[in-house]
Amino acid sequence: MQLKEAELPGVGKKYLIERDNGETLAVILHNTGRREIYKTDPKTDVPDLILDLGDQEARSLGAILGGTFFQPQHVDSMYVVMKELAIEWIKLGAGSGLIGKSIRAQEIRRRTGASIIVILRGDQIIPAPSPDEILKTGDTLLVVGKREHVQNLSTLL
Amino acid sequence: MAHTLFLTGALLLLLFLGGLLAHRVRQSLIPAYMIIGFFSQSFIPVSDGLNFLGQLGLIFLLFFIGFEYSLPKILRSGRSLVVAGMIDLLVNFPIGFFIGLFFGWSVFESLVLGGILYVSSTAIITKSLIDLKRAAHPETETILGILVFEDLALVVFLAFVSGLSVSGPLSFGPVLLGSLKALFFFFLFILITRRFVPVLNRLMAVESPELFTLLVFSLIVGSSAVAKGIGLTEAIGGFFIGMVIAETVHREKIERAFIPFRDLFAAIFFFYFGLSIQMTATGPLYLILFVLILFSISGKLASGMLAGWVNGLSGRASITIGLSMIARGEFSIILAGVAAASTPSATALQAVTGMYVFILAIVGVLMMDHSPRMAVALQNPLNRLGRFLVRPEKNLDKAE
Chain A
1 MQLKEAELPG
11 VGKKYLIERD
21 NGETLAVILH
31 NTGRREIYKT
41 DPKTDVPDLI
51 LDLGDQEARS
61 LGAILGGTFF
71 QPQHVDSMYV
81 VMKELAIEWI
91 KLGAGSGLIG
101 KSIRAQEIRR
111 RTGASIIVIL
121 RGDQIIPAPS
131 PDEILKTGDT
141 LLVVGKREHV
151 QNLSTLL
Chain B
1001 MAHTLFLTGA
1011 LLLLLFLGGL
1021 LAHRVRQSLI
1031 PAYMIIGFFS
1041 QSFIPVSDGL
1051 NFLGQLGLIF
1061 LLFFIGFEYS
1071 LPKILRSGRS
1081 LVVAGMIDLL
1091 VNFPIGFFIG
1101 LFFGWSVFES
1111 LVLGGILYVS
1121 STAIITKSLI
1131 DLKRAAHPET
1141 ETILGILVFE
1151 DLALVVFLAF
1161 VSGLSVSGPL
1171 SFGPVLLGSL
1181 KALFFFFLFI
1191 LITRRFVPVL
1201 NRLMAVESPE
1211 LFTLLVFSLI
1221 VGSSAVAKGI
1231 GLTEAIGGFF
1241 IGMVIAETVH
1251 REKIERAFIP
1261 FRDLFAAIFF
1271 FYFGLSIQMT
1281 ATGPLYLILF
1291 VLILFSISGK
1301 LASGMLAGWV
1311 NGLSGRASIT
1321 IGLSMIARGE
1331 FSIILAGVAA
1341 ASTPSATALQ
1351 AVTGMYVFIL
1361 AIVGVLMMDH
1371 SPRMAVALQN
1381 PLNRLGRFLV
1391 RPEKNLDKAE
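Here the protein sequences line up with chains A and B, keeping their order.
Just so we're aligned, residue 1 is where the first sequence starts under the numbering used here, counting upward by one.
Just so we're aligned, residue 1001 is where the second sequence starts under the numbering used here, counting upward by one.
Possibly wrong hints are sitting among the right ones.
[Stated by the list, open to error] Straight-line alpha carbon distances no greater than 20 Å define the calculated EDC-like cross-link-like pairs of lysine to aspartate or glutamate that follow:
1. A:101 - A:55
2. A:13 - B:1131
3. B:1253 - A:48
4. A:13 - B:1252
5. B:1127 - A:20
6. A:39 - A:18
7. B:1127 - A:132
8. A:39 - A:88
9. B:1133 - A:41
10. B:1133 - A:7
11. B:1133 - A:20
12. A:13 - B:1207
13. A:4 - A:20
14. B:1133 - A:55
15. B:1133 - A:132
16. A:39 - B:1131
17. B:1133 - A:48
18. A:13 - B:1255
19. A:4 - A:57
20. A:13 - B:1068
21. B:1127 - A:52
22. B:1127 - A:7
23. B:1133 - A:52
24. A:39 - A:20
25. B:1253 - B:1207
26. B:1133 - A:45
Source of the hints: derived by calculation from the structure; they are not laboratory data.
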């Protein structure tokens, strides 16, 4: 992949991304704040407009593509750190030692210091799960605690 | 007083309606403003007040051109555009100059005509490129580069022309003096940019938006007055102060506060140009107009294709450059306006320019609209012509 930048006086800026498959993506940042994305097939030199976004839309899309917004189901682990506090999404893989037992039985909070505040299970969202909730394969846990607490829990996996 | 207010209100309403109509048929506003001015001649008199507002429009137009083209920006996009820009200049400027001489115009008027024919409309072409979703096309970079080159060349030319301001035959003295004045002004402002941008930053950091507006306005008008004072056009003053102010940290604030001023006054400038066109002589004017338009279109087609070819673009892209450079607009009118202000005998020049810009602004937009299909249609015959022209040389190479 190659990235090129060019000035378009009176229009804005152009970024060219040459993809490995020969296509070229052109992103135009208009001075007005509009963004356009064009795609050029290797056979021609005429770009096709594929997306035309307002400023706010473009920022949202950019955040999603950059991984700042997240779809927890598709992300294995993600950190949001505010000074001491850490919030992490932890996905329970098939071999994890936490699976098949309740939160209470494993004494998760006492052993690690971290709390499970949300469980995502398929389409189901379980906020503030009860201590008797049994963890299953494929669950994604939203875990809060001090940084070392969250790390402790990660090691239990 | 009530009458003046009524006329001003009517004028602005007319401009709005005309602009709206132009917008609906996807045409540029510049020819619309001008034609409204032309047809308002029967009931709106040419007045000093309107003239003054129009002059402010001229200053603000140039101010924002200087503002857009800050020096570092130009240097960054430079290099390849210089070659394309030179081709464009060397092909198109002489066409207008020699047509002027051929029809018996003075050397001064012919020079101005060269400039009028040479400079494409940045406003019209840039807007069309955005509207037609062609910002990402490979040739667009070259088109915009040529436009930047043209505008800068025209600023230098404008300084030169306004420094001359003669109606008789040109002689060495005034030409030299005019060039020196323009150079002096140029270096003065480079010096100011270097030294005084930090000072301006602090000075312009006033919190009150009202005081900010007053300060910037006074800088713009003051700079124009200096230019006018040393015998250049006020537009040059606007351009240079625009370049200087663009380097300050207050860029965005100025853009927000002053673009409405430009839009209002520039509309009056184009209107006033149309209003003051005098259609006294007719016969030969239509002939010269016809010749000018014919040669303008072919000249830009040729220079555009050459520029594309030199920059290594495809045949389609090169033809598209030629087809996209045809619209003439604001700068042609500015040149004719400045020339008419300095030489009272330039009425023919003004009338021809008015009609010329009106026709080519519309034709230019249409050509851009249809350029994808036209490029395909032109490609094959041009390729054949190219092969026909190039083949003898190839044979020679082989013979060696």
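| field | Agreement of residue 1133 (chain B) and residue 7 (chain A) with the hint, judged by alpha carbon distance not exceeding 20 Å | value | It holds: about 17 Å lies between the C-alpha atoms, which stays within 20 Å.
| said: Checking one constraint from the list: CA of residue 1133 (chain B) to CA of residue 55 (chain A), max 20 Å. Satisfied? | reply: Since the Cα atoms of residue 1133 (chain B) and residue 55 (chain A) sit roughly 17 Å apart, the hinted pair holds (cutoff 20 Å).
| message | Please verify whether residue 1133 (chain B) and residue 52 (chain A) have alpha carbons no more than 20 Å apart. | response | Holds, because 10 Å separates the two Cα atoms, which is no more than 20 Å.
| task | Verify the proposed pairing of residue 13 (chain A) with residue 1131 (chain B), using a straight-line Cα cut of 20 Å. | result | Since the Cα atoms of residue 13 (chain A) and residue 1131 (chain B) sit roughly 16 Å apart, the hinted pair holds (cutoff 20 Å).
| Does the alpha-carbon distance linking residue 1127 (chain B) and residue 7 (chain A) stay inside the 20 Å limit? | With a Cα-Cα distance of about 16 Å, the restraint between residue 1127 (chain B) and residue 7 (chain A) holds, given a limit of 20 Å.
| query | Taking only the CA atoms, is the gap from residue 1133 (chain B) to residue 45 (chain A) under or equal to 20 Å? | reply | 14 Å, holds
| Is residue 4 (chain A) within 20 Å of residue 20 (chain A), Cα to Cα? | Distance of about 14 Å is within 20 Å: holds.
| said: Against the 20 Å threshold, does the CA-CA distance of residue 39 (chain A) and residue 20 (chain A) hold or violate the hint? | reply: 13 Å, holds
| query | Taking 20 Å as the top limit, are the C-alpha atoms of residue 1133 (chain B) and residue 132 (chain A) close enough? | reply | 59 Å, violated
| request: For the pair supplied as a hint, residue 101 (chain A) and residue 55 (chain A), confirm whether the alpha-carbon distance does not exceed 20 Å. | output: 48 Å, violated
| query | Does residue 1207 (chain B) lie within 20 Å of residue 1253 (chain B) when you go C-alpha to C-alpha? | reply | Holds - the C-alpha atoms of residue 1207 (chain B) and residue 1253 (chain B) are around 12 Å apart, at most 20 Å.
| request: Would you check the hint for residue 1127 (chain B) and residue 52 (chain A), treating anything up to 20 Å between C-alpha atoms as holding? | output: 16 Å, holds
Hints 1, 3, 5, 7, 8, 11, 12, 15 and 19, counting from the list given before, are not met by this structure.
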